[in-house]
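Number of protein chains: 2
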Amino acid sequence: MHKVRLGIVGCGIAARELHFPALVQLTDKFEITAVTSRRRERAEDFASMVKDALGYEPAVFDSYEELLESGSVDAVDLTLPIELNVPFIFKAVEKGMHVICEKPISTDVASGKKVVELSANTDKVIYIAENYRHDFRFNKIRTFIDENTIGRPIFVAWHLWIGMDKSNKYVQTEWRQRPKHIGGFLSDGGVHHIAALRVIFGDIAWVSGVTKRVSDYLGDDDTLSTVFEFNSGVVGNYTVSYAVSGKQYFEIVGTDGRIYLDEERITVRGQREETINIPNQNTFKNEFEDFYRVVKHGEPNILGHPVEALKDLSFFEAAIKSKGTRIEIEDLLRSTTPD
Amino acid sequence: MHKVRLGIVGCGIAARELHFPALVQLTDKFEITAVTSRRRERAEDFASMVKDALGYEPAVFDSYEELLESGSVDAVDLTLPIELNVPFIFKAVEKGMHVICEKPISTDVASGKKVVELSANTDKVIYIAENYRHDFRFNKIRTFIDENTIGRPIFVAWHLWIGMDKSNKYVQTEWRQRPKHIGGFLSDGGVHHIAALRVIFGDIAWVSGVTKRVSDYLGDDDTLSTVFEFNSGVVGNYTVSYAVSGKQYFEIVGTDGRIYLDEERITVRGQREETINIPNQNTFKNEFEDFYRVVKHGEPNILGHPVEALKDLSFFEAAIKSKGTRIEIEDLLRSTTPD
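Sequence order for the protein chains is A and B.
Going left to right, the first sequence walks through residues 1 to 339 as UniProt numbering numbers them.
Going left to right, the second sequence walks through residues 1 to 339 as UniProt numbering numbers them.
So that you can see chain A by itself, here it is in the shape it has in the complex:
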């Protein structure tokens, strides 16, 4: 049997709209053998969706524990309210299952460290799914920089205006309205952006930031502005609001040129001038393919390693706690005690 027998745990937006369409394209690698959800009818709907698309129906379980005990899965795909990630990862590993778990790794650095420790002490794969690490755009930009296209990079700005109105499906999610994870939308959405910047520039040394609550229906502070520095010395401004919508601004400044990114293209103005249209891509498919290689071929878990996801999250915990006074990411990671 070459396929990974996968149990879907949690049937919310991420499972239905992000992971499932990717899995439909990977029928040679994954078989969705089981599904569970807090509400059984959602698990049954999901099972029907699988049957319609793939011609077979996964078993529906009333509880996560039953699914884990069933013997029908090799791995679980966790797409849950963030506060459930850590206990559910632990249960899976305890039962001898591999795990792919949707980002962010956990509610805060303290609990995230427990997952990193667990991953060091198990032969089971714990893979935190961060699709931006598998995204053509940021890997291509890194290549441009590695090829010295814009000279020495000195600065990156990324300002995002991801305004979400009250009817937005993510805003409607109950656990997002009463977030138990640090930073609400700021970290939940934001780990993608920091993952992307770390693909390009590597680890971040410190951050100083300020948060604001602009809207009254997003459950937490919804706007963040930062200055920060990578270990490489590149400096950045990352500013994001989930209350105000509009065109994003992404610019990398080097000593000999610039790189711009917008919704459609990467534009390089430097030693050479180049415009690249962003190809159609399914970054979730990429991440499941990587998960498969790690599980089935024993390849090292680099892009899905919990420590990477922990670093993404730690940026937000540091930025939010900083209140303008810089926090070293290393210090935060070292000094935080797993809870």
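Take the hints with a grain of salt, since some may be wrong.
Since the list gives no way to pick out one identical chain from another, each pair is judged satisfied if it fits inside one copy or across any two copies.
Claimed, not checked - Cross-link-like lysine-lysine pairs, in silico, DSSO-like; alpha carbons within 30 angstroms at most:
(1) 285 with 3
(2) 51 with 247
(3) 212 with 140
Honestly, the hints are just simulated from the structure, not real lab data.
Please arrange chain B on chain A, whose structure you already have, making use of the hints.
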């Protein structure tokens, strides 16, 4: 006699290229009666320039002291290496002269406070010339915001890439190559930008920033990136480099729209959409007209008040000293002892 008899003190770039062309348009308000410079030949050249343009020749003095004693001036226009501003302002006031002095107010907050104290204890006008406070662009943008064109403003970004090559006339200035003022080009050029932002949004509460030295010929750190907050709660990212050149980025984000500024125009996208071409303007002429009103009509010195210039400068002293850990501008201003 309705004209202000003006003595030009220092005949460098600012006197010749910024102030003089403005004064040529204000012959009903100012008469350049005297001039002095460290090098007499530059003062003589300046006197010839005045004669060619205006038909009369100012007296050339070998020293500032002689000019002040001559009885030929009502006010002095100081365009000097920054470290001379404070002693020269004090000498002028001591001799009963009004002063207009090119920004920045002084080398640091400590010395700048002496000027503010002096201004509180004299009936002579001490006017720090900051032409950006007289600039159509920033006053117009403030009006747009006051008119609620973009809703409640929440964020401003200004990223400037004012790359100066080795042959640049400012770079060639000896005192700029061995700066005795804090921040080198960062503060010398930067006070304009902060003055502009303060025209729009008022006073700044705190700043957290990081500096870098990207080039090896600008005499000091040449690149700065910050996050900061106005007293109003508006948050900003101000990033500038004098080592790297390129197009600036200026954007104000409100709850209901945006304002963009580039070299040619102001663009408003909000309750109403509007594009305004930036008119030809001589902001130096505006500032001399204002100085005239203060001196001759006894109008309050608002835009040229030393405390305003001190606040602009304090942003840079705070940003540079902060090294990522926020400094409250009020704290810096209060705790710094005049030296």
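Here's how the hints hold up against the structure:
1. 285 with 3: within (15 angstroms within a copy, 78 angstroms between copies)
2. 51 with 247: Classified as neither; 39 angstroms inside a copy, 54 angstroms across copies.
3. 212 with 140: between (33 angstroms within a copy, 27 angstroms between copies)
Hint check: a violation occurs at hint 2 only; the rest are consistent with the structure.
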